[in-house]
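Visitor: This is what each chain is made of:
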Amino acid sequence: MYLSIICFPLLGFLISVGFGRFIGRRGAATLTTNFLLLSFLCSCVCFYEVGLCGSSCHFTLSPWFVCHLWDPNWGFLFDTLTSVMCVVVTSISSLVHLYSISYMGEDPHLCRFMSYLSLFTFFMLMLITGDNFIQMFLGWEGVGLASYLLINFWFTRLQANKSAIKAMLMNRIGDFGLALGVFVVYEVFQSVQFETVFACAPYLADTRIVFCGFDFHAYTLMGVLLFVGAVGKSAQLGLHTWLPDAMEGPTPVSALIHAATMVTAGVFLLGRCSPIYEYAPDALGVVAIVGALTAFFAATTGLVQNDLKRVIAYSTCSQLGYMVFACGLSQYTLGIFHLANHAFFKALLFLGAGSVIHAMSNEQDMRKLGGLAKILPLTYGGMFIGSLALVGFPFLAGFYSKDALLEVTFAHYSFTGDFAYFLGCASAFCTAYYSFRLISLTFLGQPNGSKRNYTDSHEAPLLLGLPLIILSVASVFVGFLGKDMMVGLGTSFWGNAVVSFSGHTTSLEAEYIPQSIKHLPFFLTVFGAGLGLTMNRPTFGSKSALKPKASKLPSLSHASYTFLNRRWLVDKVYNDWAGLPGLNFGYLVSFKALDKGILEAIGPSGIALSLPSFVSRLSFVQSGYVYHYAFVILLGCTLILTLFTLQHTLFVWLDLRLGLGLLLAMLGLFPKVII
Amino acid sequence: MSLIHSLNLSFFLFLLGLWGIYLNRKNLILVLMSIELMLLGINMSLLSFSISLDDLIGQMFALLVLTVAAAESAIGLAILVVFYRSGHSINVDYINLLRR
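Going down the list, the protein sequences come from chains A and B.
Counting from 1, one number per residue, gives the positions in the first sequence under the numbering used here.
Counting from 1, one number per residue, gives the positions in the second sequence under the numbering used here.
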């Protein structure tokens, strides 16, 4: 039954992609959705047995590569971490499947879409259930592949193609780091099985390893390299640029990628590798700082985005930053808990956004929406709940994970802890601001779009609305239900799935931090939410919103607005300083200068070009005059005699083969000079 | 007269023949004569070695070379005559037909 969690999506994918033509669009959609629901049911049983009853399950299906010490099997490990992830992934995925039936109902390629969704889910499940690094890597790459296919789903759109390539490439940079990390793991532990690696982790904690000529603490290196993988997949600062661009895919895809599956893989990796990270405090510091910076960066960028989906995308990025710095401060369980909560309300927000877009004839610009609360009450309610959960309003999902997370962060009493706390608080403020800016611009105020959009718009149909309702309920209750189980003091829920040293965790210290600090995020959130609601109503609630107002702003505000709106100019920096020089290098240096230059010159075309003229020049020696021939004969005889006589003195410093090679090289390099 | 002297003489004759071939730009007969001179030098050295080593084989070779030289000069002169008949000249400068 555990295996069927993984098999159902695969089966759905195979049938849908292979026989989609025969079972039809609705058939494929129904089939995959039902398979996903079955998978979700199995996951629930798995969660009950593994998580609640505490009987984790590990089985090996068959050998995969068996070679000496190299031992990855097709093995599946269902511990608490996996079971939590399974429930999250399959529940969100089945809701997204359900949602897609209606949302993508008019699309002629529904079969393909549903099959890709199932494929995505399958690879994600492969990632989280693998019992070794290699199988996890399979899922890791597979998720990247599926995201490529899904972002690129409307493959006739140029922008979608570019975004998909960008997503693939950015992920591939991270995957390279992950692969290196796995190599280091194998080098140190001589195994890639999780059980072996994590069981040996305490005993090899002092290992040092030479990497790129430098002597590193093996675990720190391992942790940093694995984290590079997580950076790529979880869109942390540095490799985050693909995530907002991934909005080019259909909205359910964004919901799947951003809420439950792909981006959470990085956090899952950190949680999974916690036994290694616990022995590598330096790597944890890197993780925490990068996570905190990401949270802050994405939150500030989200403030001024005008695209409905982009705002939510940056909020994902920001929340991932929270999860990652939680992991970086050894609060893996909090990170995973926030992941689970976040999955529900972020899926809710995305599906709500999809509903809005669906109702408004694919209008995504928030400046052209507004006043939708009366037309789309269900969506409005869903997105309002989602936003409240996102900003951590008390007693909703985000509150139990996010505020708890900030508390333990402050109680960490280290530089990274304080750093993460203050950036986290600033991000909480920004999160509240942009969430309610989104609500305000989209649902409140006056209509700003064209009349046609408004007269045509209608509330979501049942299949579109049902996932919203379910996710709204989940967003309200999941945090409360899961809190004591997952991050309560002294909970035995996690068992051995996640390791964190008692010295590193601060869940008890968090109870003793000053009240003001505890309340700070809440006040910041309320303040930010109020600001978001009030500031955007009068300014943007009227027709004047469409007019460019930037020119009226003072130059500093204008500059900062532009800076934030253009995402801290990271894309520009990447394009100008990495992309363009890279392409130029590829074309000018490695293609023109090396491949078509030097290698061609001393290779085929150089010889082919230089030889005829060289030979014709050589044929001038054939003058036809007898005395010339006689002279050459004389010269040759003399030369040979000289060489034979002086060979011992001559060949000491002249290697004939070397001379021949030099001659050939010169022939190729300077054809015109020689000839 | 020691071996060295006679060898010097033969070497000098040989070189003289060689130089004659490539320094001479005009006359084909001079080329043939130079070849004869080279063969003469070779004969000289063969005979000197034969005397010096007290071995008859050298003299046998010398006789052989003599006949070869005679035959060769006969054929060479014949070619020269044919060449003169076709080209009305025995100037070496005109014998560069081989080039094309």
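These are calculated hints, taken from the structure and not from any lab test.
Being a predicted model, the structure only gives us computed values, none of them experimental.
All C-beta atoms in this analysis are idealised placements derived from N, C-alpha and C, irrespective of residue type, glycine included.
Among the hints, erroneous ones may be present.
Examples of chain A residues toward chain B, derived with CB under 7 Å [unchecked claim]:
| id | residue |
| --- | --- |
| 1 | 169 |
| 2 | 625 |
| 3 | 627 |
Here are the simulated distance ranges between beta carbons [to be verified]:
| id | chain 1 | residue 1 | chain 2 | residue 2 | range |
| --- | --- | --- | --- | --- | --- |
| 4 | B | 29 | A | 649 | 36 to 46 Å |
| 5 | A | 629 | B | 82 | 13 to 23 Å |
| 6 | B | 29 | A | 645 | 10 to 20 Å |
| 7 | A | 624 | B | 82 | 15 to 25 Å |
| 8 | A | 663 | B | 91 | 54 to 64 Å |
| 9 | B | 71 | A | 642 | 40 to 50 Å |
Visitor: Failing hints, ascending?
Guide: 1, 6, 8, 9
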